[in-house]
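Number of protein chains: 2
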Amino acid sequence: MDRLDKYIKMVENRLYDIFPAEEPDHAEVIRAAKYSLSAGGKRIRPVLTLAFCEMCGGKPEKALDAACAIEYMHTYSLIHDDLPCMDDDDLRRGKPSCHKAFGEATALLAGDALAILPFEMLASSLEISPSAAVKCIRALSHLCGMDGMIGGQQTDTAYAGKELSGETLIGMYSRKTSALIKAACLCGVYCAESPDEERYAALAEEYAEDLGLAFQIIDDILDVTSSAEVLGKPVGVDEKLDKHTYVRTFGLGRAEDAAGEYTRKAVEALKGFPDSEFVKNITMLLLSRKK
Amino acid sequence: MDRLDKYIKMVENRLYDIFPAEEPDHAEVIRAAKYSLSAGGKRIRPVLTLAFCEMCGGKPEKALDAACAIEYMHTYSLIHDDLPCMDDDDLRRGKPSCHKAFGEATALLAGDALAILPFEMLASSLEISPSAAVKCIRALSHLCGMDGMIGGQQTDTAYAGKELSGETLIGMYSRKTSALIKAACLCGVYCAESPDEERYAALAEEYAEDLGLAFQIIDDILDVTSSAEVLGKPVGVDEKLDKHTYVRTFGLGRAEDAAGEYTRKAVEALKGFPDSEFVKNITMLLLSRKK
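Residue numbers (the working numbering), protein chains in the order written: chain A, 1 to 291; chain B, 1 to 291.
No lab work stands behind these hints, which were simulated from the structure alone. There is no bait here: all hints are sound.
Here are the simulated SDA-like pairs of lysine to any residue, each with C-alpha atoms no more than 20 Å apart in a straight line:
#1 K100(A) - E104(B)
#2 K162(B) - E104(A)
#3 K162(B) - G103(A)
Produce the entire structure from the sequences given, and follow the hints as far as they go.
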């Protein structure tokens with residue numbers, strides 16, 4: 001898809017502009033943050049930001065800084081997730097994880113920096129009004145906070161090896177995965193500054209909730225059906241860490257059904273937008289992804 | 001000082017309002033964040049935010065959300081600093097540090113949450129315009145980022161046990177300590193939304209730079225001259241971790257002179273404000289503090 005490639009290039013060309021010069025006395029933390037940012041992610045979330053902006057009638061350029069903000073936040077969460085006190089992962093996208101490459105202290109600080117950088121990026125954007133920036137910042141910070149992504153991580157950590165209901169599992173997925181995708185789509189909507197913003201924001205939240213659940217369930221499926229070579233990270237990790245997953249709770253068959261069903265519901269929510277073909281295509285691509 | 005007490009009470013009464021309900025599946029991270037926030041800090045930074053707002057002609061209430069934002073950021077930095085991969089401190093303000101009380105994973109997540117919460121607080125404030133909120137967010141995120149507080153932490157970690165020049169030491173203190181104090185004072189200025197904002201912001205930066213250096217040097221002095229009982233944390237830590245401090249680099253006598261000199265310069269910068277008596281008193285109080 002040309003448009004997908006174009007969006008990814010836009011993001012990757014902009015991602016490092018805000019980085020300070022690598023002065024020798026604190027260059028390592030800057031290098032560590034860049035290392036993890038450039039480790040070849042799929043850039044799904046920032047692409048959604050650009051796509052939602054365009055779908056709401058804004059030029060994608062208006063949402064480019066917001067898109068980078070989302071990718072910083074995503075990368076921070078991966079760096080801290082991989083730390084020894086969390087999932088203790090040595091590999092990420094086929095390369096040594098940040099703390100393996102730079103040591104734990106620098107990885108911790110690089111993650112911290114990438115959790116704060118989104119707000120500098122949004123507050124410095126020349127493309128959007130202060131009022132749009134504030135809306136993006138409010139959504140992103142809330143959705144990534146204690147009642148969002150971080151809350152989901154807490155549940156994930158706290159319940160490893162313990163009993164957990166299907167309902168709590170879905171709640172955890174909603175926080176852990178849907179929340180940041182929701183922030184990505186909402187930022188796109190807010191950057192467009194459309195008069196229909198309120199209606200679009202509600203649809204974006206619906207879409208992102210379901211896409212996030214589908215996305216996480218597919219992750220669970222790949223953890224048991226794929227190989228380390230294809231995934232670029234070890235497989236069977238969930239079982240090893242005794243983590244709750246949809247597959248372990250409901251079985252592979254029901255997991256595949258659920259991934260399809262959540263994807264279908266996500267696509268349904270897109271019908272409220274004038275031209276959603278591109279986002280629909282990405283959504284279907286994610287359903288059939290192999291890594 | 002009645003006004004100091006009044007400001008501290010204002011902050012402490014507002015600090016927890018933004019916290020989500022403690023739902024069982026992720027309550028621990030919320031409790032851990034509250035635990036560290038309530039561990040009895042001096043609240044110097046948020047008090048400066050309120051005081052600078054008032055000094056620039058704004059009601060202190062206008063800057064209350066910003067003041068809380070600063071205290072969240074400060075507390076996040078303490079939680080992550082204490083982690084085993086950083087300074088590995090078991091005590092903070094006379095109580096077990098966050099990871100000792102809640103475990104490493106939860107402490108990491110609580111720190112992350114408190115690094116993001118300042119931006120939700122600022123972006124949700126009903127007291128200031130979106131434009132003032134954006135200015136506060138830009139200053140805070142930049143000053144705490146890779147070229148600010150986090151960069152200073154990186155230098156601190158990277159140079160432990162290695163040769164470091166006096167100039168690099170001061171640069172590190174400026175990032176590690178002055179940067180957040182600068183953000184605290186600037187947020188106060190921006191929340192006042194005064195027509196003289198630009199001039200006030202420049203003075204606030206001057207003041208905060210010098211106060212931060214004095215503050216950090218006094219910390220170094222107390223680490224060698226005080227006791228664990230008075231400080232509420234172990235003493236002699238800098239030596240144990242082989243960290244660079246002003247005292248270790250220049251000796252105790254020169255450190256005491258420098259603390260006095262930076263304090264004098266900080267007070268000098270205050271003369272550009274209409275009524276700076278209160279901030280001057282706090283500044284002198286900090287010079288003579290025993291913990």
